[in-house]
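Please work from the sequences and hints to get the whole structure.
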Amino acid sequence: MKRQVPLVLCFLFGVGIILTRFSPHPYSQFFYEEVNSWVLIITPFALVLATVTLIRAHVTRIRRRTEYWQYSFIVFAGIITMVVIGVPYGPQHFVFEWLFNNIQVPMDATMFSLLAFFIASAAYRAFRARSFEATLLLVTAIIVMLGNVPVGDLIWSETSSVKQWILNNPNLSARRGIILGVSLGVISQSIRIILGIERSYLGGGD
Amino acid sequence: MEIFGIWLAAFLTLSIYSFLYRDNPFYRFAEYLFIGISVGYYIVIYIHQGFIPFAWEPFWAAVKPFWPGIPREAGWIGLIKLIPIALGLLFFGGLSPRHTWLIRYPSAVLVGFGSGISIPLMLQTFIFEQTRGTVEPFAAINAGTLSPWGIIEAVLMLIGVACTLTYFFFSVEHRGPVKWLSKVGIAFLMIGFGAAFGNTVMGRVALLIQRVDFLLNDWIGMIIGWLGTIF
Numbered sequence: 008m009k010r011q012v013p014l015v016l017c018f019l020f021g022v023g024i025i026l027t028r029f030s031p032h033p034y035s036q037f038f039y040e041e042v043n044s045w046v047l048i049i050t051p052f053a054l055v056l057a058t059v060t061l062i063r064a065h066v067t068r069i070r071r072r073t074e075y076w077q078y079s080f081i082v083f084a085g086i087i088t089m090v091v092i093g094v095p096y097g098p099q100h101f102v103f104e105w106l107f108n109n110i111q112v113p114m115d116a117t118m119f120s121l122l123a124f125f126i127a128s129a130a131y132r133a134f135r136a137r138s139f140e141a142t143l144l145l146v147t148a149i150i151v152m153l154g155n156v157p158v159g160d161l162i163w164s165e166t167s168s169v170k171q172w173i174l175n176n177p178n179l180s181a182r183r184g185i186i187l188g189v190s191l192g193v194i195s196q197s198i199r200i201i202l203g204i205e206r207s208y209l210g211g212g213d
Numbered sequence: 007m008e009i010f011g012i013w014l015a016a017f018l019t020l021s022i023y024s025f026l027y028r029d030n031p032f033y034r035f036a037e038y039l040f041i042g043i044s045v046g047y048y049i050v051i052y053i054h055q056g057f058i059p060f061a062w063e064p065f066w067a068a069v070k071p072f073w074p075g076i077p078r079e080a081g082w083i084g085l086i087k088l089i090p091i092a093l094g095l096l097f098f099g100g101l102s103p104r105h106t107w108l109i110r111y112p113s114a115v116l117v118g119f120g121s122g123i124s125i126p127l128m129l130q131t132f133i134f135e136q137t138r139g140t141v142e143p144f145a146a147i148n149a150g151t152l153s154p155w156g157i158i159e160a161v162l163m164l165i166g167v168a169c170t171l172t173y174f175f176f177s178v179e180h181r182g183p184v185k186w187l188s189k190v191g192i193a194f195l196m197i198g199f200g201a202a203f204g205n206t207v208m209g210r211v212a213l214l215i216q217r218v219d220f221l222l223n224d225w226i227g228m229i230i231g232w233l234g235t236i237f
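Chains as they are written, first to last, in the numbering used here: chain H, 8 to 213; chain Z, 7 to 237.
Mixed in with the good hints there might be a few duds.
To be verified - Covered by chain Z, per the in silico footprint, the following chain H stretches (three or more residues, Cβ under 8 Å): (1) 12 to 23; (2) 50 to 60; (3) 182 to 192.
Bear in mind the hints are in silico, worked out from the structure with no lab data behind them. All C-beta atoms in this analysis are idealised placements derived from N, C-alpha and C, irrespective of residue type, glycine included.
So this is what it looks like as structure tokens:
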């Protein structure tokens, strides 16, 4: 009951959806659209659970007085502020938009830009041309970086053309190889899930 | 309000950059605030763009015909929407350790749907289309419409794809010709990773330039403008 029914459900929905993709019959399309709407209905409930789990984790931090537990109040303040304004008045409310534009957007951009500094230190370690493969990575990265900025064409007028050729040819062939490999992996994993061979999504326990 | 917004954004930007020196209370404040604001933002977006249109409205449409005083327009067929709503509610079983297993039911539907949809999607979008893109130039070679440089590019593409796949093919031992093919594959992969790295660095640097531009022009520019009006 606890494991068999979910396995049967997974099999039925998986096989059903595959069949709808190969049949243009109106019943088949109705089934596909109905199940698609079911997925859209079920998914938001998962977010509620995720939010509750996050809140519980921070409540536990506060209760146990773990390191930096005081900052958990800031998490709650952020959540409550956005929810109190956004839920009743909607995301188009001017205060909600002000908070989004002046807190979330700048912090999001700054957090990602912070990575530029760490990438620089990672590049120092990665770009030491100690082997043929590392040299290829180094040369390609330098050409792509220079080809993206005007100074690259000032150094050599063909830099951006060479960058584009690299992106369209050897880079694309490597990406195609990866995409084909990943796709074959996804298909085999999906078949394993539908047939009940792969059961990790059921979690532990009985 | 706009001036306060610029000061707040500048304070938070500098608080995050202070991490470059070392971990400190300003960075931690900004980090936790970022988590809270982001979670709050996505809760609001999911409620208004996910929960209300896809869960609440179908639920209301399903039960409305049975509400006293309201004519039964939709009939019984609308009640089918109560099944996914009931399945979604089973996610709350995760809040009680004894009922965590209930999550398996909605998870099974989502995983089954995802697996079922991904098989034809992957076949059509990636395997067929990417293979077609790789071998299609050879039709042009056969027709005699491809330039010599185009022929070199088409052959290079085919060699790159085949060798990259060989590198990921672990069913045979990488010895002899297979080893050399996989070595060529590694070379193509390194070019791909180098290009990805270069593009990522440039993307992050563009964000850094944008934040520095904000601090210099919007924030310090505003302060200088102020000082100019005072003195």
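Check: If you check each hint against the structure, which ones fail?
Finding: Result: no hint breaks.
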